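Colleague: These protein sequences, in sequence, are chains A and B. This note's numbering numbers the first residue of the first sequence as 36 and each following residue consecutively. This note's numbering numbers the first residue of the second sequence as 46 and each following residue consecutively.
Please keep in mind that the hints were generated in silico from the structure rather than gathered at the bench. Any given hint might turn out to be false.
[Claimed, not checked] Here are the simulated DSBU-like cross-link-like pairs (lysine-lysine), alpha carbons at most 35 Å apart as the crow flies:
1. A:K123 / B:K335
2. A:K123 / A:K214
3. A:K111 / A:K98
4. A:K239 / A:K125
5. A:K109 / B:K335
6. B:K335 / A:K171
7. B:K262 / B:K126
8. A:K111 / B:K335
9. A:K214 / B:K335
10. A:K125 / B:K335
11. A:K165 / A:K123
[What the hints assert, rightly or not] What the simulated footprint calls covered on chain A by chain B, stretch by stretch (three residues with Cβ under 8 Å from a Cβ of chain B suffice, anywhere in the stretch; the number is not a length):
12. 70-78
13. 94-107
14. 113-121
15. 176-183
16. 251-262
17. 270-280
Note that the structure is predicted; figures quoted are calculated from it, not measured. For every residue, glycine included, the Cβ atom is placed at its ideal position computed from N, Cα and C.
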Amino acid sequence: MPLLRLLALCLAVLAPAFAHAADEADSLVTELATDHVDITTHFTGEKILVFGAISRPGDIVIKVQSPTETVAIKRKVQIGPFWLANGKIKVSHAPGLLYLLSTAPLDTLLPADERERHGLSLADALKGAKTDTPPKGMGDWQAAFMRIKGDEGHYVEGQHAIRMDSKRLFFTSINLPAKIPLGVYHLQFYLVRDGHVVAQQTRKLNVQQVRIERWMSNTAHETPWGFGIVYTLGAMILGLVLGVVLRRDSDD
Amino acid sequence: MEIFLPIAHMDVNILLIIGFGAVVGLLSGLVGVGGGFLITPLLIFIGVPPLVAVATGAAQIVGTSASGSYAHWRLGNVDLKMGIILLLGSWTGGAAGVFLARALQQSGQFGNMVTFLYVVLLGFIGVSMLLESVKAIRSAGAPPRPAKQPKGIGALLGRLTASLPGQMDFPISQLRLSFIIPLALGIMVGVLTSLMGVGGGFIMVPIMIYMLRMPTKVVVGTSLFQLLFTTAVVATMQAGINRAVDPFLATVLILGSAVGTQWGTRLGARLPAEKLRLVLALVVVAVAIKMLTGILITPGETYSMSVVVQ
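Okay, chain A solo, but in the shape it has when bound (with noise of 0.2 Å):
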């Protein structure tokens, strides 16, 4: 990758400005190769590129959220010989997508309380989330949902994602799947040392729908009715237009 290593380089020639004024405070440099991502129809994932500079060594942790959306999770169940869709519970003011990359393991980077007060941990998606009463027999529902936000690509914990150079330049990528939420996502680095968080900072990255996609979204969403006479018409004049086309040519 030409690229990272320009960057690489780059952050080498100011790191060391940083060691000279880092005697007293811990400063960290953080940089995203893009603060937007537009998903087009044919969005299948991206790979967004985050660096960054430390000015003494320690270890860097990321937290990528996305906002919080509601959910609906299924269950099936077999009744006689079918597996039918039994039961329905709908969860929201959960992040729709969360990330934790690190340089380590986060149990070893951070004792118990402090990862908790940074909500550094998976399972702490669900701790601001609201519910109906689950149903009977979903008492599990909270493992399904972990389970299926992993397997979706959504709740990710990368434990040696993120990669140091030289002690003071750190590179790690984001790599978002094709089906993630809209919105402004927060990146938050944490500098950790010594069982501490000693640095902060928070960048933002915008995940937006564009153009025709998201004009035709809004509209179905927004003025449904509308949306709805004015394609029904449509369907009906590209079906006549199609019908006198192509009859048109195979007469010929």
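Please arrange chain B on chain A, whose structure you already have, making use of the hints.
Modeller: Here is chain B on its own, set in the frame of chain A:
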């Protein structure tokens, strides 16, 4: 070539969807059925949420039936009086069906309902078509037997319908009938359009031909007319109330099936009709079996999750 569907909230391969449209169009061109009852299950198989599959199926039929309806209208094959009574029924049934779909969706049961309706209906249609086409292939060449006179249940139904109130004349269809019959037929078809994403021609046409004894030409024109305006209203309501019509998906399906229908019509003129019907019967039975095994096989993950759009 993947595209992201804004309403279904998923990626699909656009060529696969064009292929679905083309295959269903091909079958409908070959055999003369609508094919809506194949589109919905195919969409569900690739992971489109059942409600979106059903609603988009209805929107797709609007596009594919528009041209045929117009052609029959110009040829005077539409019994407008009959068509309007059918429509009054199917709009009522369709509206009720859309609200029923919403209630089922909210309680998490819509997928179950769709699966059961399809397994029963496709199983029944597929098996009866299979038996009929095997019989037709065996007796090919033999002189056609005269049409059977209605006996037993048929005669009973005949007496029953004659005694219903509200008898009126349908000059184009050359029959006298109580308006309750087409109204009830319309309601039934409307509910199916909302719950299954089908036009309902496969129910409407046999009933009109064999039970009401309407002339075949008028049956085709009138059922297409009814089907176009039923699916149009149902698709609008599915978008308005359930926000479930995916415009990209429906448009790609319409394009694919328009091309497929052309091939099908041309190919159909050269192939023997009985064998074609056998092919369609096998396809229908295969789809029913696939749907059935989907709920018979123990799932690897018993939980599923979907994003609720506010």
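Colleague: Looking at the structure, which of the earlier hints fail to hold?
Modeller: none
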